[in-house]
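Q: Just so you know, the sequences run in chain order W and P. Residue numbering for the first sequence is 1 to 114, as defined by the UniProt record's numbering. Residue numbering for the second sequence is 1 to 251, as defined by the UniProt record's numbering.
These aren't lab readings, by the way, just hints derived from the structure by calculation. It is possible that some hints are incorrect.
Short derived list, chain W residues pointing at chain P, Cβ under 8 angstroms [unchecked claim]:
(1) V17
(2) C32
(3) L33
(4) Y41
(5) T54
(6) S62
(7) A74
(8) G83
(9) T85
(10) L93
Cross-link-like lysine to any residue pairs, in silico, SDA-like; alpha carbons within 20 angstroms at most [what the hints assert, rightly or not]:
(11) K99(W) with D234(P)
(12) K99(W) with Q235(P)
(13) K158(P) with D66(P)
(14) K99(W) with E238(P)
(15) K99(W) with K158(P)
(16) K99(W) with R24(W)
Label pairs and their computed distance ranges (CB to CB) [what the hints assert, rightly or not]:
(17) A22(P) with H101(W): 36 to 42 angstroms
(18) L163(P) with H101(W): 25 to 31 angstroms
(19) R64(W) with I82(P): 45 to 51 angstroms
(20) D105(W) with L34(P): 39 to 45 angstroms
(21) V83(P) with G102(W): 19 to 25 angstroms
(22) S130(P) with V82(W): 39 to 45 angstroms
(23) D105(W) with P37(P): 28 to 34 angstroms
(24) S2(P) with N25(W): 47 to 53 angstroms
(25) F65(P) with D107(W): 41 to 47 angstroms
(26) N25(W) with R92(P): 22 to 28 angstroms
(27) V82(W) with A13(P): 23 to 29 angstroms
(28) T103(W) with I82(P): 22 to 28 angstroms
Every value quoted in this text rests on a predicted model; they were computed, and no experiment measured them. Note that the Cβ used here is the ideal one computed from N, Cα and C, for glycine as well.
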Amino acid sequence: MTILPFLAAGWIFLAGVHGMVTSRNAIHAVGCLAVAQSSTYVLLLAVGFRRGGTAPYFSDTSLRTRVVDPVVQALALTDVVVGATVTALLLGLAMQVRKRHGTVDPDALTGLKG
Amino acid sequence: MSRTARIRLFWAAAVVFAVAYAAACTGLPRFGTLAHPYATRAVAAALHQRTANVVSSVNFDQRAFDTLGEESILFAAVLGTIVLLRHARDERTGRPRPGRVLPSTRLLGMVLLPVTLLTGVYIVAHGQLSPGGGFQGGVILATGLHLAYVAADYRVLKRIRPLAFLDAADAAGAGAFAALGLAGLVAGGAYLQNVLPLGTFGQLSSGGLVPVVNAAVGVEVGAGVIVLLAFFLDQAVEVRSPEEHGTGGGG
């Protein structure tokens, strides 16, 4: 099965989205979003894998060493940074919701309040 | 939408996604394939720019403009969280209480705090040579400082954490990245072009603009994460909600 790593990424994504849809707690939903997003790391690294390749650093290896794709690794780094900041922002929002409405259950948040 | 309807809708969408995604995966290049046109070009470009860490070369040289956007997202998120978590008028703040810490925890924290900060600086400074860089090193620096919270208590952390200075450092780091890009324009090239002397391959001073931008990002990420965590800790330790008088808190 050479497409198994790609399918694993899809599986992680669906598990995360399932968690968000069924979540009764905003903090839990933010965690599920992080799971769904982490599927993209798996997909990116799977796309960039080169059989027999090592990490793309040439500090102490020969310049002819076979390395995995550095471009997707850089993209994964961007992904991690953006994911962490979005998580922080959403947790801040969840805290405000808890303070203003006294609940973190998304289903209990009905109606707008000025 | 009711809960059951929402879950049914999810399963319908999940089946469609699963089938389409699996079909798309079969059309991808084989897993572990040796043909990676972008990897080959990126490695060649990094070696040409004398940057041993190809990932850093991609992030801070070849795709530096994208990283400027990424770094702006980080800055905006820190700013947004500060705005969200600022003290409201009806909130009462209490003084954090001193916490009880085991002597072994205190000793471990005191030993590890300088080691962790040094590791963070090392990771930032060697971003052009070995795995790491501004983002990773910055996070190590920021979390390392919070060993003071684990090993002592909140008041000690507050004393060693100059928030006003870090606020400014966060903005200065973000601004420095954008300003460094102008060096390329001054030298007659493109914005964020690597125009500094490239140095010797494998040396600390190699890579031209890469280590400089890395340092700017390291300052921004380190300061930004400390400020971010400060506002969350502030909410957890100092703010008392109106209905719970005198409870909560601790160190």
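Q: Each hint: holds or not?
A: Okay, the hints, checked on the actual structure:
Because the beta carbon of V17(W) sits about 7 angstroms from the nearest beta carbon in chain P, less than 8 angstroms, this interface hint is met. The beta carbon of C32(W) comes no nearer than 12 angstroms to any beta carbon in chain P, farther than 8 angstroms, and the hint placing it at the interface is violated. At a threshold of 8 angstroms, the smallest CB-CB gap from L33(W) to chain P is about 14 angstroms, leaving the interface hint violated. Residue-level restraint check for Y41(W) is violated (minimum Cβ-Cβ distance to chain P is 14 angstroms; threshold 8 angstroms).
Nearest Cβ of chain P to the Cβ of T54(W): about 12 angstroms, over the 8 angstroms cut. The hint is violated. The beta carbon of S62(W) is not positioned within 8 angstroms of any beta carbon in chain P (closest approach about 12 angstroms), and the interface hint is therefore violated. The closest approach between the C-beta of A74(W) and any C-beta of chain P is roughly 4 angstroms, which is under the 8 angstroms cut-off, so the hint is satisfied. The criterion of a C-beta within 8 angstroms of any C-beta in chain P is not met by G83(W), whose closest approach is roughly 10 angstroms, and the hint is violated.
Nearest Cβ of chain P to the Cβ of T85(W): about 3 angstroms, under the 8 angstroms cut. The hint holds. Hint on L93(W) holds. Least Cβ distance to chain P is approximately 6 angstroms, under the 8 angstroms limit. Under the criterion of a C-alpha separation no larger than 20 angstroms, the hint pairing K99(W) with D234(P) is consistent with the structure, at around 14 angstroms. Restraint check for K99(W) and Q235(P): satisfied, since their Cα atoms lie roughly 11 angstroms apart, inside the 20 angstroms limit.
As the CA atoms of K158(P) and D66(P) are separated by approximately 35 angstroms, the hinted pair breaks the 20 angstroms bound. Proximity of K99(W) to E238(P) is assessed by CA-CA distance (about 14 angstroms); at most 20 angstroms being required, the pair is judged to hold. For the given pair, K99(W) sits about 25 angstroms from K158(P) by alpha-carbon distance, which is inconsistent with the 20 angstroms threshold. Distance hint between K99(W) and R24(W) is fulfilled; the C-alpha atoms sit about 17 angstroms from each other, no more than 20 angstroms.
For the pair A22(P) and H101(W), the supplied restraint of 36 to 42 angstroms holds, since their beta-carbon distance comes to about 41 angstroms. Taking 25 to 31 angstroms as the suggested C-beta distance range, the pair L163(P) and H101(W) conforms, at roughly 29 angstroms. Take R64(W) and I82(P): their Cβ atoms lie about 49 angstroms apart, and the range 45 to 51 angstroms holds. For the hinted restraint 39 to 45 angstroms between D105(W) and L34(P), the CB-CB distance of approximately 51 angstroms leaves it violated.
Checked against the hint of 19 to 25 angstroms, the C-beta distance between V83(P) and G102(W) comes to roughly 22 angstroms, which is consistent with it. Restraint check, S130(P) to V82(W): a C-beta distance of roughly 24 angstroms breaks the suggested window 39 to 45 angstroms. A hinted range of 28 to 34 angstroms for the beta carbons of D105(W) and P37(P) is inconsistent with their spacing of about 49 angstroms. Restraint check, S2(P) to N25(W): a C-beta distance of roughly 19 angstroms breaks the suggested window 47 to 53 angstroms.
Separation of F65(P) from D107(W) is about 42 angstroms and conforms to the stated range, judged on CB atoms against 41 to 47 angstroms. Between N25(W) and R92(P) the beta carbons are some 26 angstroms apart, a value that agrees with the proposed interval 22 to 28 angstroms. Distance hint check: the CB atoms of V82(W) and A13(P) are about 24 angstroms apart, consistent with the given range 23 to 29 angstroms. Between T103(W) and I82(P) the CB atoms are about 24 angstroms apart, so this pair conforms to the stated range of 22 to 28 angstroms.
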